[in-house]
Structure formats: C-alpha cells, structure tokens
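Just so you know, the sequences run in chain order A and B. So that you can map any letter, position 237 of the first sequence is 240 in the working numbering, and since no number is skipped, the others follow by simple counting. So that you can map any letter, position 83 of the second sequence is 87 in the working numbering, and since no number is skipped, the others follow by simple counting.
Read the hints as simulated data drawn from the structure, not as lab findings. Idealized CB from N, CA, C, for every residue including glycine. Check the hints yourself; a few may be wrong.
As the list claims (entries may be wrong) - Straight line, CA to CA, 30 Å or less: simulated DSS-like cross-link-like pairs of lysine-lysine:
{"id": "1", "chain 1": "A", "residue 1": "Lys193", "chain 2": "B", "residue 2": "Lys90"}
{"id": "2", "chain 1": "A", "residue 1": "Lys21", "chain 2": "A", "residue 2": "Lys57"}
{"id": "3", "chain 1": "A", "residue 1": "Lys196", "chain 2": "A", "residue 2": "Lys21"}
{"id": "4", "chain 1": "A", "residue 1": "Lys239", "chain 2": "A", "residue 2": "Lys193"}
{"id": "5", "chain 1": "A", "residue 1": "Lys75", "chain 2": "A", "residue 2": "Lys60"}
{"id": "6", "chain 1": "A", "residue 1": "Lys71", "chain 2": "B", "residue 2": "Lys90"}
{"id": "7", "chain 1": "B", "residue 1": "Lys90", "chain 2": "A", "residue 2": "Lys217"}
{"id": "8", "chain 1": "A", "residue 1": "Lys193", "chain 2": "A", "residue 2": "Lys217"}
{"id": "9", "chain 1": "A", "residue 1": "Lys21", "chain 2": "A", "residue 2": "Lys75"}
{"id": "10", "chain 1": "A", "residue 1": "Lys71", "chain 2": "A", "residue 2": "Lys57"}
{"id": "11", "chain 1": "A", "residue 1": "Lys60", "chain 2": "B", "residue 2": "Lys90"}
Stated by the list, open to error - Chain A is nowhere near these chain B residues, computed Cβ spacing over 12 Å in every case:
{"id": "12", "residue": "Leu38"}
{"id": "13", "residue": "Ala50"}
{"id": "14", "residue": "Glu93"}
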Amino acid sequence: MKRDGPDCEIARLFGAQKERLAAVRPDLIVMFDTDHLNTFFLNDLPVFAVGVDKTFKAPNDEPRDVPKYTVKSLPELAAHIRNAAIGAGYDVGMTQNFSVDHSITVPLHFLTPEVQVPVIPFFINGHIPPLPSSQRCYALGQTVARAIASWPEHLRVVIMGSGSFSLEVGGPRMAPGRSDGVLDPDWAIKVIKLLEEQQTERLITEATEHQMLKAGNVGGELLNWIAMRGAIGNRKPAYVAPQMQNGHAYGVWQWN
Amino acid sequence: MSIYAVNYLCREVLRDHAFRAAMKADPAKALAPLDLTDEERRVLLAGNVGTLFRMGVNGFLMGYLARFEVCGLNVETYNQRMRAVKVDEIGQPVA
Numbered sequence: 004m005k006r007d008g009p010d011c012e013i014a015r016l017f018g019a020q021k022e023r024l025a026a027v028r029p030d031l032i033v034m035f036d037t038d039h040l041n042t043f044f045l046n047d048l049p050v051f052a053v054g055v056d057k058t059f060k061a062p063n064d065e066p067r068d069v070p071k072y073t074v075k076s077l078p079e080l081a082a083h084i085r086n087a088a089i090g091a092g093y094d095v096g097m098t099q100n101f102s103v104d105h106s107i108t109v110p111l112h113f114l115t116p117e118v119q120v121p122v123i124p125f126f127i128n129g130h131i132p133p134l135p136s137s138q139r140c141y142a143l144g145q146t147v148a149r150a151i152a153s154w155p156e157h158l159r160v161v162i163m164g165s166g167s168f169s170l171e172v173g174g175p176r177m178a179p180g181r182s183d184g185v186l187d188p189d190w191a192i193k194v195i196k197l198l199e200e201q202q203t204e205r206l207i208t209e210a211t212e213h214q215m216l217k218a219g220n221v222g223g224e225l226l227n228w229i230a231m232r233g234a235i236g237n238r239k240p241a242y243v244a245p246q247m248q249n250g251h252a253y254g255v256w257q258w259n
Numbered sequence: 005m006s007i008y009a010v011n012y013l014c015r016e017v018l019r020d021h022a023f024r025a026a027m028k029a030d031p032a033k034a035l036a037p038l039d040l041t042d043e044e045r046r047v048l049l050a051g052n053v054g055t056l057f058r059m060g061v062n063g064f065l066m067g068y069l070a071r072f073e074v075c076g077l078n079v080e081t082y083n084q085r086m087r088a089v090k091v092d093e094i095g096q097p098v099a
C-alpha cells in the first residue's frame, strides 16, 4: 500500500473529507483527541482537558513530512465550553501555552488548507487506563454541543473525532516485523457498522474498557468518536469508509 | 519515581535532540547522570525492552528507542523483543 504522497490512500480518504469540509466554510473545529503523552505526560495526566489559548503549536512529535504550524484557536469559547462541562459535572482540566501531536496535526494538515481554521482541542485520555467510560464520553459530547449552541456568536462549527478502533502501537501485540498491528479487525468492522446504522446505544454499551484495550493499546481512541457522536446527535453518516490497515475509518456526518 | 524516569527519558529521546544524539553516540554516558536503578540502567543499555515493559515502562514511549535507534534497537529487534513478552487479553504482562 502506498502510504505517502498526494495519491496515497490516506490522502485520498482525507481528500473526500476535505472537499466536504471546504464546502461548509467552518469558523471553528472542535476536535476530540487523545494526546500521546506529548501535550501532557505521566506527571500531569488529565482524563479530560481543553486547550485554552489564542494559538497553539503543532506538531510536537516529528511525524514524517508534516510541517510545523501555529494553529489559531478561540480561547473565550474554549473557556466557555470548559465552564459548561464543569457545571454539568465533568471535571475538565485545562492547558495553555501548549502544543499538540500528530493526532491533531495530521488530520488538520490534510483537511484544512494551510491550517487556517481555528481549532479548540478537547483531550480525552484513551490510552492510559483507567479510561473514562463510553457512556460518560457520549454525554460529555452532548454537553459540549449544548455549550457551543449557547455561545452568543453564530459560528459554523465542525466537530471532529480522531483515533483508531483497533491498533497496538509499540506494545507486545504488534504484528511481526512492524511497529504496530490491528488486533481486532472484527471489532473495528463492528464499530463502523454501528456508526453507519446509528446504533449508538449499542456502540457505547459494547465499547467497554476491556473491549477497547483488547483491541489494542490505543483502542481507547474510539472514545473520541463516541464524544463526537454525542456532540452531533444520533444522525446518519454521509459515509464511513473503513481503513483496515490501521484499524480505523474516515467518516463524515453532515446536516443543515 | 524511577520507572517514571525511564518513561521520561524515552520521551526525551524524541524531544531533546542533544540527548538523542548523546544516546546514539554513547548511551552509558548519556544515562550516567540520570536517576535510575542499576537494573534499569543495565536493562536499558542492553535494549531489553521486553523486560522494561514487564517492569512497567510504557510501550508507546519505548517505541521512540526503536524509532531513533538507540540502545542497539531498531524496528526489527524492538518488535522481536516486545513480542516475546507474554500478555493477557488486554495487553498486560503475565508471568
């Protein structure tokens, strides 16, 4: 499989999303993401956190062929989202003067020209157990949506969720000769099916910590998709395209 | 705090290019000032990432040792040594 260049599979899958994103002309992207111990570390590891600053730097982990960006953000709205979440019972941490890793930068690099759209990162710990529950991440997404809706300024907002459904990176369950491996392709296919069929309740019931960790040491990144689903409501996707070499998918939900 | 120090130095191999260069040139010298136990130092210098994983070091962070080829590691040796670790269904080491 060709992994690099403008005609590789990843660029093609991102390309379809990029067209739809450009048509929306977003004022803001709120991105649910799992930091890979780069923005945070084991000395300061939040379960949930929001990046609150005018800009942030990306990437901080040297992904191949990705330039460095200074990404704009909307700190007042980010603080509003955090305040609303705390008011709703989610003890959400905060970071300022921060940088982000490939998990935010690579999607932005492929999806937004020159990375000019402001982005608010919402971090969910999907890697270091204990993980937050799927139910809680779904409800948190709903809370974030309500917070955005209550913001007085009218904005066109895109919600993104970034992450794998089944992948082991650097752990003992890697595929032979590789630095990663898809452990539970059946689970990844089931997740995609449940997303396509709007079976959200079943998805969050089946996405237990045990199942996500069984699917790989980064399998908890599914929580970002679940929070995104909470934020946008139980809508039918325009499409969810599997990308099984990495145990994940590229999906779009769009409505007026 | 000591396993924390191993986790931290793994990320420093990514972050601190001078430390990365020192680890590639002379890992024993680069590790000398760090607060590690004798066992951690010995296992690190031998590139025994499987043993480090059983001691509690994060697999994702140790991947940087292979990515930047320090302590005699590369993707192939790292893969073989990590895959030799017996783990349970959720990836935790078992005896």
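Looking back at the hints listed earlier, which ones does the structure fail to meet?
6, 11, 14
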